[in-house]
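Protein chains: 2
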Amino acid sequence: MRLILVIGATRTAEIPGISGAGATTDGRQHTPAADAEIIEYGGLVRAPILPVSPSGCPTPAVVTRAVRDLVGFQSLTLAAGLAGDTAAPTVRVAPEPGGDIRDPVPVPDAAGILRTARDLGRRLPDDEVMVAESIPGGTTTALGVLTALGEPYGVSSSLPTNPVALKREVVAEGLASSGLEPGAAAGDPGRAVGLMGDPVLAAISGLVLGATQSGTHVTLAGGTQMIAAAALVRHAGCEAGVGLATTVFVARDETADLHDAASGLDLELSVTDPGFDGQAHPALAAYARGEAKEGVGMGGALVLADRAGVGMRSVRDRTITVYEAIRTQHEP
Amino acid sequence: MRLILVIGATRTAEIPGISGAGATTDGRQHTPAADAEIIEYGGLVRAPILPVSPSGCPTPAVVTRAVRDLVGFQSLTLAAGLAGDTAAPTVRVAPEPGGDIRDPVPVPDAAGILRTARDLGRRLPDDEVMVAESIPGGTTTALGVLTALGEPYGVSSSLPTNPVALKREVVAEGLASSGLEPGAAAGDPGRAVGLMGDPVLAAISGLVLGATQSGTHVTLAGGTQMIAAAALVRHAGCEAGVGLATTVFVARDETADLHDAASGLDLELSVTDPGFDGQAHPALAAYARGEAKEGVGMGGALVLADRAGVGMRSVRDRTITVYEAIRTQHEP
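Just so you know, the sequences run in chain order A and B.
Note that this note's numbering has the first sequence beginning at 1, numbered continuously upward.
Note that this note's numbering has the second sequence beginning at 333, numbered continuously upward.
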C-alpha cells in the first residue's frame with residue numbers, strides 16, 4: 001500500500017471567502033507544501049507555518065501523519081502545479097499552478113498532465129494505492145468540473161459554513177468565460193479539467209486511469225474533490241472498481257451528496273469516524289464543529305488504521321502528539 | 333535514521349573509459365535515476381534499463397534496496413543536477429548537470445547548491461542520517477576536488493582496473509583550464525567544487541555542513557567520492573564527528589588510500605563485507621572480482637543490516653531476489 005499525495009495550487013483559492021485551507025489568502029499558498037512535509041517528516045522543514053483554518057483547525061495532514069506513525073505506510077508526493085518550494089521529495093507532473101477558473105483556460109496543459117500522470121500510474125509497482133490531495137480552493141474547481149461534465153453532485157467545504165452561493169457564482173462565471181454550457185464537456189475529461197478544473201484534479205484522474213489499467217487497485221482518499229476526480233475517470237470510460245474513503249465530517253455535510261455521488265459513480269464507499277466529537281483538545285474539537293472535514297488523505301489513513309487493528313483512541317492520542325510537536329517546533 | 337541519496341550528472345562521465353556506472357556512455361546518463369527508483373520502489377518505473385557495468389555487474393542500488401526490504405529505513409533523494417526524469421520523488425537542490433571538469437567552471441552555481449543543501453540539512457528532523465551518492469564519473473571529479481584542495485588521497489573506481497592515468501590526465505587538464513595549481517583551493521570548498529567538482533559533491537558537502545550544525549549525526553555512505561565530500565566539509569571548517577561507511581571492495585583497492593584518508597580527515601571508518609567472495613550467482617560474483625565496489629549507499633546499508641542483527645546471508649539472498657525481479661521485470 002502506498003499513499004500518493006497530489007499537491008498543487010489554483011488561483012481560484014485567491015477568491016476571498018472561498019477556502020478554509022490556511023488562515024489567510026497569503027498563508028494558504030504554503031498549505032500543500034506544508035502538508036507534504038508533515039506526511040514525509042512529521043513536521044515542517046521548509047514550510048513556514050502549520051496550516052490552520054481561519055478559526056485555528058489544524059490541517060488534516062496531522063491526522064494522516066499520526067496514522068503513518070502508527071501503521072507505517074509508504075508515501076509518494078506528486079507536485080501538480082505547486083506554488084513555491086517544498087522540502088518534501090516530489091515527482092513533478094505539472095509545471096505550474098492552475099489559473100482562476102473564471103479565466104477561459106485555467107489549466108492549459110491539462111492533456112499533458114493527464115498523460116504524464118497516467119504513464120506514472122501505469123508503471124507503479126503497487127497492488128494497491130490510496131490517492132490523496134492538498135489544494136486550497138479545490139472544492140470550487142471540483143464543482144466546476146462536475147458542472148462541466150453534467151454531474152449533479154454538490155461539493156463540501158473546509159469551512160464550517162459552505163460558501164455554496166459564492167462557489168456557484170464562480171463556477172457560472174467560469175463556464176461563461178470558457179464558453180461552456182453545463183454538461184457540455186460530458187465524455188471529455190481533458191476539456192472539463194482544462195477549462196474548469198485544476199492541475200491536481202488533472203493529475204489524479206490521469207493517475208487513476210493509469211493505475212487501474214495496470215491492475216493496481218485505487219482508493220480515492222478524500223471528500224468531494226475525489227468525487228470530481230472519479231467523475232473525470234468515469235467520463236474517460238474507466239469501469240474499474242475504485243474505492244472512495246472519506247470521513248464522517250464529509251458524510252454529514254448536507255451540501256455534499258456523498259452517498260448519491262458514490263453510488264452514481266460506482267465507487268466503493270468507506271466512511272470513517274475518528275471519534276473527535278466531545279474531545280476536549282482544540283485540535284480535535286474543531287473537526288467536530290465541521291471545520292477542515294477531510295483532505296491530505298485523512299479518511300483513507302483512518303481506513304488503514306482500522307485495517308491494521310489500531311484503535312481510534314490511539315489515532316486521537318497520536319494526532320495530539322504530532323500537532324503539539326509541530327506547534328512547539330519553532331518556539332524557543 | 334534516514335538514507336539521503338544524492339543523484340546527479342557530470343559531463344566528465346562522457347569521457348570514454350572513465351566510468352563503470354552503466355554499460356555504455358549513453359545508458360550511463362540514466363543510472364542515477366534508475367538507482368533512485370530501485371531504492372524507492374524496488375524496481376524500475378520510468379528508467380529504461382537496470383544499470384550494469386560494462387561486464388554486467390549490477391548497480392549497488394540492488395544491495396541497498398535489499399537491505400531496505402529487510403530493515404525498513406526511511407529514504408530521501410536529492411536531485412543535484414539530474415539529467416532527465418525520474419519517477420523517484422526528489423527534492424531538487426541543483427538545477428542542471430555539471431560540466432566536464434576540463435571546462436573552466438564545470439559547476440557555475442556551486443555556492444548556491446552548497447547553500448540550498450546546507451539549509452535543508454540544517455532543518456532535517458533526524459538525529460542521524462546516512463548520505464549516499466549516484467553520479468557516473470564521480471570518482472574523477474572527486475580526484476579533481478581532492479587535488480584542488482591539496483589533499484593527497486587517491487580515488488577508487490567502479491571498473492575492475494582503475495583508469496588512474498586517464499583520471500590524472502583529466503584532472504591536470506581541468507586544473508589548467510581553471511587556472512588552478514594543485515592545492516590552490518585549500519580552505520575554499522566552494523571554489524574547489526565549482527572549478528573541479530560536480531553538483532552532487534557540492535550538495536553533499538552542503539548537506540553535511542547543515543546537518544552537523546543542527547546536531548544531526550552524519551555517516552557518509554560511500555567510497556572515495558565521500559572522501560572528497562569529507563575533505564570539502566573539513567576545508568569549510570567543520571570539526572563535527574562524521575562517519576564513513578564503505579565496503580571491503582573499496583578498502584581492498586590499492587589505488588585508494590582509504591584508511592589514510594579516513595584518518596587524515598578524522599572520519600569514523602566502518603568497513604563492511606557482504607561475503608560475496610565465492611558466491612556462484614553472477615550478480616554477487618562480479619563484486620568479488622572488484623567491479624562496482626560501492627555506491628548508492630551500499631556500505632552504509634550493510635552497516636544498517638548489521639546494526640539490526642540481519643545476517644549477511646539474508647542480505648545476499650534478498651539481493652539476488654531484488655536483482656532477479658528487476659531483470660525479469662520487462663520480459664514477456
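Among the clues, some could well be false.
[As the list claims (entries may be wrong)] Over 10 Å on every C-beta distance to chain A, these chain B residues come out as not near it, computed from the model: (1) Gly-374; (2) Asp-401; (3) Glu-571.
[As the list claims (entries may be wrong)] To spell it out: a stretch of chain A is covered by chain B in this simulated footprint if at least three of its residues, at any positions, have a beta carbon under 8 Å from a beta carbon of chain B; those stretches are: (4) 53 to 60; (5) 88 to 96.
[Stated by the list, open to error] From the structure, some residues in chain A lie toward chain B, with a derived Cβ separation under 10 Å: (6) Tyr-41; (7) Val-45; (8) Ile-49; (9) Gly-72; (10) Ser-75; (11) Leu-76; (12) Asp-85; (13) Asp-119; (14) Val-310; (15) Ser-314.
Treat the hints as calculated values from the structure; they're not laboratory data.
Using N, Cα and C, we set each Cβ at its ideal position, and we do this for glycine too.
For a quick check of understanding: which of the numbered hints are violated here, in increasing order? Of the numbered hints, 1, 4, 8, 14 and 15 do not hold.
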